[in-house]
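Participant: Go by the hints and put chain B onto chain A.
For the protein sequence lines, the chains are A and B, in the order given.
With the first letter of the first sequence counted as 1, position 19 gets the number 187 in the working numbering; the numbers rise by one all the way through.
With the first letter of the second sequence counted as 1, position 144 gets the number 140 in the working numbering; the numbers rise by one all the way through.
No lab work stands behind these hints, which were simulated from the structure alone.
Computed from a predicted structure; not experimentally measured.
Every residue gets a Cβ at the ideal spot worked out from N, C-alpha and C, and that includes glycine.
Take these hints with a grain of salt, some might be off.
Heads up, incomplete: computed chain A residues facing chain B, CB under 7 Å, no partners named [claimed, not checked]: (1) 198; (2) 201; (3) 207; (4) 211; (5) 214.
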Amino acid sequence: MSRWLPLHLIAVLLLLAVILELFWFHPLLLPSKLPLAALLAWSWLRQRGAPAG
Amino acid sequence: MKAAGPIMHLFAELMILLCFLLSAAHAIGRHGREGAGFFGALLLLGLARENFVVLRDLLYGFAPLRMMLGRAPLIAAIIWGFSIYAALLWAESVSADGGALLGRRAAPSPSPARPLPSVAMSFGLVGLFMIALACFYEPFLKRIEMARWQAGTQAILDVPLMALIGYPTMAWTFLALWLAVRTWVRARALRVIALVGLIPPLAIAHAAALQELKDALHW
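Isolated chain A, as found in the complex (with noise of 0.2 Å):
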């Protein structure tokens, strides 16, 4: 079984959250959500480099 899900998940949760200060909250919260958006980018990224199988 992948190992993503859960990964996503907290990806799916980060975009809600965006959302909601974009459009409910404060957009100057945003910068607080740029380390985990990097870390799921970095995995992400080694992801797609690496070797299948």
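Facilitator: What follows is chain B alone, placed relative to chain A:
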């Protein structure tokens, strides 16, 4: 900026509950009985930790929420498990050798199941991810008025400094305990007894130590 109400709190509770259940199913699907045990241990950790925080009035309080587990909100008890499992999988995804702390057989001898540098690297990556989660969760929880840190708590960009210590250390201490029990306790029944006996004191000690540190540092 609009105020967050009970509907937003309920939405957050349901989202985290869904994430927890899906992650538990993922762990069981991937690791079978060990995955179930791992998530049971994480649930016990969150349950003990957050109930102690509420009962002793430590660190932070909560808005009135619908779903409770003992005296603590359900969301607070289960978010630890979901977060630590996600951090573990993320560490696995970026470490050079796979870095799995879960799902490998314990060594037949009392020696560690995995070489120390590899475990240390995995722990470092888990800590990094937990800090990133603190940066994500805490400002949002404050904005929707769901978690309320003690008055005077020091924060940077709405991230309490204590959270930057508390999130990774909670994961590290739990994983260290899990690995130690898995490595050195061979009989399954004894493992369960050891985890049930040791996790609540660990959770309580972690919350109490954080409060002591917070008071000492005036954070």
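Participant: Look at each hint and say if it fits the structure.
Facilitator: Going through the hints against the structure:
1. 198: violated, 10 Å
2. 201: holds, 6 Å
3. 207: holds, 5 Å
4. 211: holds, 4 Å
5. 214: Holds: closest Cβ of chain B sits about 6 Å from residue 214(A), inside 7 Å.
Taken one by one, the earlier hints fail for this structure only at number 1.
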